[in-house]
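There are 2 protein chains.
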Amino acid sequence: MLPNSPLLKLFNIKYPIIQAGMVWVSGAKLAAASANAGCLGLIGAGSMKPDLLRSQIIKAKSLTKQSFGINLPLLYKDVEVQIEIALEQGIKIFFTSAGSPKKYTSFLKDKGCVVVHVCSTPEQALKCEQAGCDAVVAEGFEAGGHNGIDEITTMALIPQVIKELKIPVIAAGGIADGSQVAAAIALGASAVQMGTRFVCTHESSAHDNFKQMILQSKPGDTRLMMKNLVPVRLLKNKFFDAVEQLEKKSASKEELAQLLGKGRAKLGMLDGQLEDGELEIGQVCSMIRDLPTVQNCVDQLIHEYSLAVKRLS
Amino acid sequence: MLPNSPLLKLFNIKYPIIQAGMVWVSGAKLAAASANAGCLGLIGAGSMKPDLLRSQIIKAKSLTKQSFGINLPLLYKDVEVQIEIALEQGIKIFFTSAGSPKKYTSFLKDKGCVVVHVCSTPEQALKCEQAGCDAVVAEGFEAGGHNGIDEITTMALIPQVIKELKIPVIAAGGIADGSQVAAAIALGASAVQMGTRFVCTHESSAHDNFKQMILQSKPGDTRLMMKNLVPVRLLKNKFFDAVEQLEKKSASKEELAQLLGKGRAKLGMLDGQLEDGELEIGQVCSMIRDLPTVQNCVDQLIHEYSLAVKRLS
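Residue numbers (the working numbering), protein chains in the order written: chain A, 1 to 313; chain B, 1001 to 1313.
Just chain A, with the same shape it has in the complex:
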């Protein structure tokens, strides 16, 4: 029932659905399960030391015969080693973020790879196209994790990005069910990238405490915080309250960075320390009420998509 898309061939996938590559929650198991379910699976390399990335890619290859990719934030010091390992392991699909698309796109394209960069404004999207990217992920304000500073929502963003670009646009932010997939396609997106929904699957490596907290979350339980440091959407907890207190006092970047410290996201999302950890999640967390396998999740999305399409005419 889902429409044809130039990205199906480019990524060699059945459905125009991309499982976001996220820190701490999207390892080999999730990426392979997503690939096996007909989606593009992405290993979130951002939180992985080079050796772990290598072993996760090898593990994913043992779990699926389908292709998968990696998400690579460009701000870590190990990024060039990570690229080397991914290429050595035969990875052909790179989703890059948190840096300039000019930096590695040509290099990766020359190696025969597909390169997609994440952006949050039409202006950034145009820079991705000019850098030679095959597609962009345009991510709205409601998305989890790190976020743009202009606060443009998915509904407002996607048509404006599409108007500027010739390359395909992947919509992200606010997409957890099939009606939202249909809405993104109606806006002109060639595919969707979903994070929060895949965090709450059987195969995600998020700590069960974190998954259970998402299942209990209510609308309005996330907020975009640390806009003066690096904007990030957080689920409300004790750490969130501490950030809020600092921000109310107009804290400096340095004070925020000191509070954040190192390893907060791992503590919350992987270790399940729900009070002191940083819990990155999208606004749609309050829609998630089950922990299906990825296959069941995708089946459900396709079913909901077909119901949404029927509403339109």
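It is worth saying that the hints were derived from the structure and are not from the lab.
Below, a sample of chain A positions facing chain B; criterion: calculated Cβ distance under 7 angstroms: (1) Pro122; (2) Ala182; (3) Ala183.
From the three backbone atoms N, C-alpha and C, an ideal C-beta is built for every residue, glycine too.
Given chain A, work out where chain B should sit, using these hints.
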């Protein structure tokens, strides 16, 4: 091409499109033109003294044989006089906002009126249903003017509101073209309410300076401000900068209220003082690049809607 909706009969309209009732920009001319184009037109009563409201309703009746309604923020002191005048003039459709839906819904329903209340969370929406409203407008973070404090975007909000309610849901926020109308319907909305798009029509009473500034606006040129007083989405100008400066210093409610003063919105939106006035507008302002008649605007929306529907299967 637009789908059937229970609201077509309820409002006696051809298309499930509602022209938002806004302060200073939606008087008799705009409401009548919207009604004549097959949409629901709303007179924005919020900025009108009782006598002006009466004369605007009389004028609108002279410009259209179709029914139209009024938008009534419940926070003004004249609200009961406004209701009396609207009833005396035969108004049967009331969109209420900025107050409790419990306050006047039963009274208006007893007079044979249709009552719709504006909300920004699923919890508020449920209260509207319980108060006896016929429908709700669920308005996302990207919307112009006054806004909820939970920052939930249209994409994330609509499916969650629909899940809670039995009555129809009207989507608002981030809707300026036909692809966004289609996206809202895909999300499950029974209709859309559009503000920013109708501000930039021939028949809107927004000052031409304001309209021209919208045509020049770029993505990211609005921001939700004054969250500690009454959240409002503003177009960036000198007044915006002054608000921002105060907020960076963690200003009190009183300081913000003092800066705002009285008549700021009229100064900007009606009088066209683009620096010192308050310019309320939605994130989609940067999509608006023309000033059509309402009829041409609606024709274009229907055309774009049909293109969007084709993308879906």
